[in-house]
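Each chain is listed here by its residues.
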Amino acid sequence: MRKTCEAAVRAVGGAAVIELAGEVDGGAAGVLNAAYEQAVSSGEPGTVVLDFARVGYINSTGIALIVSVLARARSERRTVVASGLSEHYREIFDITRLSDFIEVFGDLDAAVSQLAGPAS
Amino acid sequence: MTSVARPAPRRLASFAVASEPGNERLALAQVAEAVAASGLAPARLERLKTAVAEATMNAIEHGNRGRPEIPVDVEVTQEGDDIIVAITDLGGEHALPGPVEEPDLLLKLEGEQRARGWGLFLIRNMVDAMQVRTDGVRHTIQLTMRAGTAAAPVSQTGGSQGGGDEEDV
Chain A
578 MRKTCEAAVR
588 AVGGAAVIEL
598 AGEVDGGAAG
608 VLNAAYEQAV
618 SSGEPGTVVL
628 DFARVGYINS
638 TGIALIVSVL
648 ARARSERRTV
658 VASGLSEHYR
668 EIFDITRLSD
678 FIEVFGDLDA
688 AVSQLAGPAS
Chain B
1120 MTSVARPAPR
1130 RLASFAVASE
1140 PGNERLALAQ
1150 VAEAVAASGL
1160 APARLERLKT
1170 AVAEATMNAI
1180 EHGNRGRPEI
1190 PVDVEVTQEG
1200 DDIIVAITDL
1210 GGEHALPGPV
1220 EEPDLLLKLE
1230 GEQRARGWGL
1240 FLIRNMVDAM
1250 QVRTDGVRHT
1260 IQLTMRAGTA
1270 AAPVSQTGGS
1280 QGGGDEEDV
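If you're matching them up, the sequences are chains A and B in order.
Under our numbering, think of the first position of the first sequence as 578, with each following residue one higher.
Under our numbering, think of the first position of the second sequence as 1120, with each following residue one higher.
Extracted from the complex, chain A is given alone in its bound form:
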């Protein structure tokens, strides 16, 4: 029943995208931290995108992990944005005020398009 967290990292323009899948709970700490490390170790991205489109469950410990990633990114002067959150987890981002610090996009395409800037 439990689906462990998985992460895939790729670069898109000047951003690093971390595509998460499964459950973001206490068991996701190693995966999320390793993914962030990989994401910022090459190319020095100014923005890290956390994509939650394939995440079915986030609990309070998962929220704490996201807070830790955000804290580290801020200390490194990087921006964190999120995409693919369900309505419920979007509400939780609002309640916890994470959405004050992490811009939330409907899906990854919208996030990447925004990061690429308006077409000239």
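It should be emphasised that the hints constitute simulated quantities derived from the structure, not laboratory data.
Remember, predicted model here, so these are calculated numbers, not experimental data.
There are no misleading hints in this set.
If you only want the chain B side, here are some residues facing chain A, beta carbon under 8 Å, derived:
#, residue
1, A1162
2, E1165
3, A1172
4, E1173
5, M1176
6, W1237
7, G1238
8, L1241
9, N1244
Glycine included, C-beta positions come from ideal geometry on N, C-alpha and C.
Guided by the hints, dock chain B onto chain A, whose structure is given.
This is chain B only, laid out in the frame that chain A set:
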């Protein structure tokens, strides 16, 4: 003297889960199944599921201290429009830390507050009412969600400890 009759509570489910990490998922799934016909709107069902998961995690980790042989009891009842989920551990009055520190994201980001500590905050914000009571070693958190109504501000009620009375969180 007149009295207003309240509908008799109707038990929707009663079950236990072992105090093992991850079993909060079992609890939320069984609660969701039990209330499926209650008329709870999908968004409010998601809120209730999150509150049940967090309360069960607290019961497993803080109440029963992760000892698998000690069960967490879950009872789901409906009383009129109210769906009531009672989650009980055997951790006594120390099951939840107190006083509860209100999470402040900015303080957490600046390292002045630990990153964790969102559980009770989420529970309070997900349901219409939350009560905690301790009766000897039995520590119960009771979550109330009104079916068919808009979300109302959460209320916390409590009283003295022991003898089945309620306590403040």
